[in-house]
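> This is what each chain is made of:
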Amino acid sequence: MNTTTKPSGSGAQKMDVIVEAVTPLNDLVTRFDFKRANGEDFPTFSGGAHTVIEMQDGDRVRLNPYSLMSDPVQTASYSISVRRDDEGRGGSLFMHNHVKVGDRMRLSTPVNLFCLDLRAKKHIFVAGGIGITPFLGMIAQLERTQGRWELHYSGRSRALASYAEQLTRQHGSKVHIYFDDQSQTIDIDGLLSGQPLGSHLYVCGPAGMISWVLGRAADSAWPSDSVHSEEFLAPQSGEPFQVRLCQSDKTIEVGAHESLLEAIERAGVAAPYLCRGGACGQCETTVLEYDGEFQHRDHWLEDAEHASGKKIMPCVSRFVGKTLVLDR
Amino acid sequence: MSIQFNKETFRDDYSFHNSERAIKRFPFPFHEDSYMYAVNMEQHQGGPKDSVYEMRFDVDEHYVAEMQDRAQVLADDPLRCQSLPHMTLAGWDLLELIMVSKSEDYPEFFELQRDGLYWRWINKPLGIDDSFTFLDESTLPYGPMEYICRQTQGDFCVLDQRDEMLWMDAGMVTTQADWSLDFDIGMNFFEWHAPVPLAHEMGIFKRALKFLLNIQQGTPARRLNWTMTVNPLLDTSPENYHKWGIQKTSLTPENIGGKQFLRVELQTFFRLPRSNALVFPIRCYLIAFEDIVSVPKWGRRLHRVIRDLPVELATYKGFIDNRPMMLDYLSEYDDGLPTSPGVWPELDTEPSLQAV
Amino acid sequence: MSKFQFPESIKSRPVYGTLEPRGDVAYLLVADAEGAEAIYDLATAGAHVARNAHIIYLPNETGDKYTGMLQALNPAQLYIGPSYEAALSRIQRVLSNARMGLQVCLSGTEGLMGKALIEVSAAGIPHSAVQFEHSGSVARRMQCVHCKGITENVSTDPFVCSHCGLNLFVRDHYSRRLAAFQGVCIDAEDPGNVPDPVELYS
Chain A
73 MNTTTKPSGS
83 GAQKMDVIVE
93 AVTPLNDLVT
103 RFDFKRANGE
113 DFPTFSGGAH
123 TVIEMQDGDR
133 VRLNPYSLMS
143 DPVQTASYSI
153 SVRRDDEGRG
163 GSLFMHNHVK
173 VGDRMRLSTP
183 VNLFCLDLRA
193 KKHIFVAGGI
203 GITPFLGMIA
213 QLERTQGRWE
223 LHYSGRSRAL
233 ASYAEQLTRQ
243 HGSKVHIYFD
253 DQSQTIDIDG
263 LLSGQPLGSH
273 LYVCGPAGMI
283 SWVLGRAADS
293 AWPSDSVHSE
303 EFLAPQSGEP
313 FQVRLCQSDK
323 TIEVGAHESL
333 LEAIERAGVA
343 APYLCRGGAC
353 GQCETTVLEY
363 DGEFQHRDHW
373 LEDAEHASGK
383 KIMPCVSRFV
393 GKTLVLDR
Chain B
149 MSIQFNKETF
159 RDDYSFHNSE
169 RAIKRFPFPF
179 HEDSYMYAVN
189 MEQHQGGPKD
199 SVYEMRFDVD
209 EHYVAEMQDR
219 AQVLADDPLR
229 CQSLPHMTLA
239 GWDLLELIMV
249 SKSEDYPEFF
259 ELQRDGLYWR
269 WINKPLGIDD
279 SFTFLDESTL
289 PYGPMEYICR
299 QTQGDFCVLD
309 QRDEMLWMDA
319 GMVTTQADWS
329 LDFDIGMNFF
339 EWHAPVPLAH
349 EMGIFKRALK
359 FLLNIQQGTP
369 ARRLNWTMTV
379 NPLLDTSPEN
389 YHKWGIQKTS
399 LTPENIGGKQ
409 FLRVELQTFF
419 RLPRSNALVF
429 PIRCYLIAFE
439 DIVSVPKWGR
449 RLHRVIRDLP
459 VELATYKGFI
469 DNRPMMLDYL
479 SEYDDGLPTS
489 PGVWPELDTE
499 PSLQAV
Chain C
-12 MSKFQFPESI
-2 KSRPVYGTLE
8 PRGDVAYLLV
18 ADAEGAEAIY
28 DLATAGAHVA
38 RNAHIIYLPN
48 ETGDKYTGML
58 QALNPAQLYI
68 GPSYEAALSR
78 IQRVLSNARM
88 GLQVCLSGTE
98 GLMGKALIEV
108 SAAGIPHSAV
118 QFEHSGSVAR
128 RMQCVHCKGI
138 TENVSTDPFV
148 CSHCGLNLFV
158 RDHYSRRLAA
168 FQGVCIDAED
178 PGNVPDPVEL
188 YS
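Chains as they are written, first to last, in the working numbering: chain A, 73 to 400; chain B, 149 to 504; chain C, -12 to 189.
One chain only, chain A, in its complex shape (with noise of 0.2 Å):
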């Protein structure tokens, strides 16, 4: 009793799903609903929050986050869209091309690493793509409780834009779509300015518009305190690279097309997770010793650590060398 204990086990707890349907969007994005498989409801979640969907792919478990959709309150089921990615390292296409009304799954209990600032006098909403899931379920929240809010989304083209057509029906003039196709593109220095004091910006999208949105939010003088982001690192792949895991006694070879937490899991010694996408912090790990380089992809550790050669966030950072001796 009464020592120092870890957050136990990995990540958050799990719950046992049953897909209740598929639904393909366009070409390129399906939505999955679950259930539990117990008959129970869900736990209720915030807008913005996220779950962990465990796939068991052959003998390899893939484990990727996704936003939550659905509006928190209807716990009856979780829905998540999922944009297949045909150069990624296959969790998409498993959920594409094998996943199917019936299979049971196993989805994290909500994360909620992007919420919305509810102090907020207005909520401006800026998504990119798939980028657009976060925010359908802070909509949907806000819609609730009378929250002001607009939101300005750009998607390949008509066909592509999951959920604008439904969303411009729901919410009419709330709801600004802009399709690349047609040369539309948010005049976001405009939007930036005109917003009223209490106003707090949200991006999600691909790295090159969140960069670019927080870099004019910056230009046009916005407290770095009212601009949220989140973009999900999928893990990228990279030449495969050897590991020694000191406490557990293991060396264990990174593959080409997995991350350095899956290796580890693979190998049977747990560690902690909860966003896999480098922004948690729950997986940081120390670095016992090391000849190379380290590949730091993550948004959670400082510059200075992650120069110091003292950390590495398994989840999404890789190492190029020939010793890598982690504490774990």
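Hints were generated in silico from the structure; no laboratory data involved. Virtual Cβ for every residue (Gly too), placed ideally from N, Cα, C.
DSS-like, lysine-lysine: derived pairs with alpha carbons at most 30 Å apart: (1) A/K382 - B/K358; (2) A/K193 - C/K(-2); (3) A/K86 - B/K358; (4) C/K135 - B/K396; (5) A/K383 - B/K354; (6) A/K383 - B/K358; (7) B/K197 - B/K172; (8) A/K194 - B/K358; (9) B/K358 - A/K193; (10) B/K465 - C/K(-2); (11) B/K172 - B/K396; (12) B/K272 - B/K172; (13) A/K322 - B/K358; (14) A/K383 - C/K(-2).
If we take Cβ atoms under 7 Å as the criterion, some of the chain C residues that face chain A in the derived model are: (15) R9; (16) G10; (17) V12; (18) A85; (19) M87; (20) G88; (21) Q90; (22) A110; (23) G111; (24) P113; (25) S115; (26) A116.
These stretches of chain C come out as covered by chain B in the derived footprint (C-beta under 8 Å, 3 or more residues): (27) -5 to 7; (28) 130 to 136; (29) 172 to 183.
Take the given structure of chain A and dock chains B and C to it, following the hints.
Just chains B and C, lined up with the frame of chain A:
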């Protein structure tokens, strides 16, 4: 399990008392013969049967009396309960968490009936039977946080989470260890802990913050904290310090056993689902020195902990002046025998007190 | 004028910097007494500041010593007022019509900066985005934790609460919401034993 609720007071004649059962289940905070700050978090997923850790919100023999004392404190000073405007949703989250937990954990005392948003709440010990609409403040006699906290032992801090930081944006604080909600509301985690000595330098708060930011739905956590109070006084607020501070000087070698109390806070942490806020209940347990030393292991250990505590901590906890008298008393119960590790009383295995 | 160096303190105690020009955007500058010098330095460092600036200035005991200097900056709007209370509704009015991107710079005494920050925060600007520069008096605005009354311009420790009369010691614990430091009864455990007051920071 049935609980006999005590008729007792936490002021004036101080008739507060612990039964044999309450002494045995007291959350003694020292797991070894010395004390220093630690983040010392563990999961709050139940605990040994009949321990204070067993249920999500422990209800004990002091429940009714504590709620009466709280009502008196709030009547005297309504600023002990405040909620910044953006925290109402978190208040509903908290109301739901407590009503669901208590009705499941203590069905003989509490009952929750839900039909969509139409809820009925029955609290038998306090004689409450209210029907209301969930998420509609106009259907309750108080705001949702105040309503449920008037029926739940312990202080409550409701922390908003923004910008990788926790903010003390709402709370009900009537049994505090010398800090003012009215003054601290709106502060961030480092600011409201600013007056605590040593721990900042030790990096305790940075580590604790990282841990707390990552507490998730369904996986609450807990830790213990402690201080000392003369008389079983719940309301040791800075607001009333000019009234109760003088009591610290009323200790004598004759009365210290019954008058000096160890005050232990069972702090728990729950993620709130709708608001993504974090609630931080701080449950206060009081025990007289004479009751502590009735457990030989605890008597030995408390003497060693108090004797070896750094001056800064004894000062911060407010008993530096009384420490010599406390040690005189406690040394009578420390025969120098070793103590077993852990916090439990071990009444069956620990040797009884040898002649000192 | 040389700047007062506040000793290092606990984490709730505000720290102050030097005002710096940011983008070519609207500025709201609120200052009292010697705080005018910080505005002057700011407008000198950024030529665009004055033409975008609404200056609210309370000379207090410095009289017209700095007013000519501020007029010479030729700001978009300049208000010189007799007290913070007199200026308050104007500050609120300016904020009610302002847009995101407004830069707020506060200079002068801790009491003035703290009180103006209450309005700025209520309008929705995060306190982390506001700039501060201290000058002039180091007297403190103190809240009595017992009666909740606020005593302005406290320059000694301990001091007597101007509302309830208790003898209070001066803590460094600071509340942005109240714009005040905390004062706590010094003789609660030994009534009447009150040390002689000493000047703050002496």
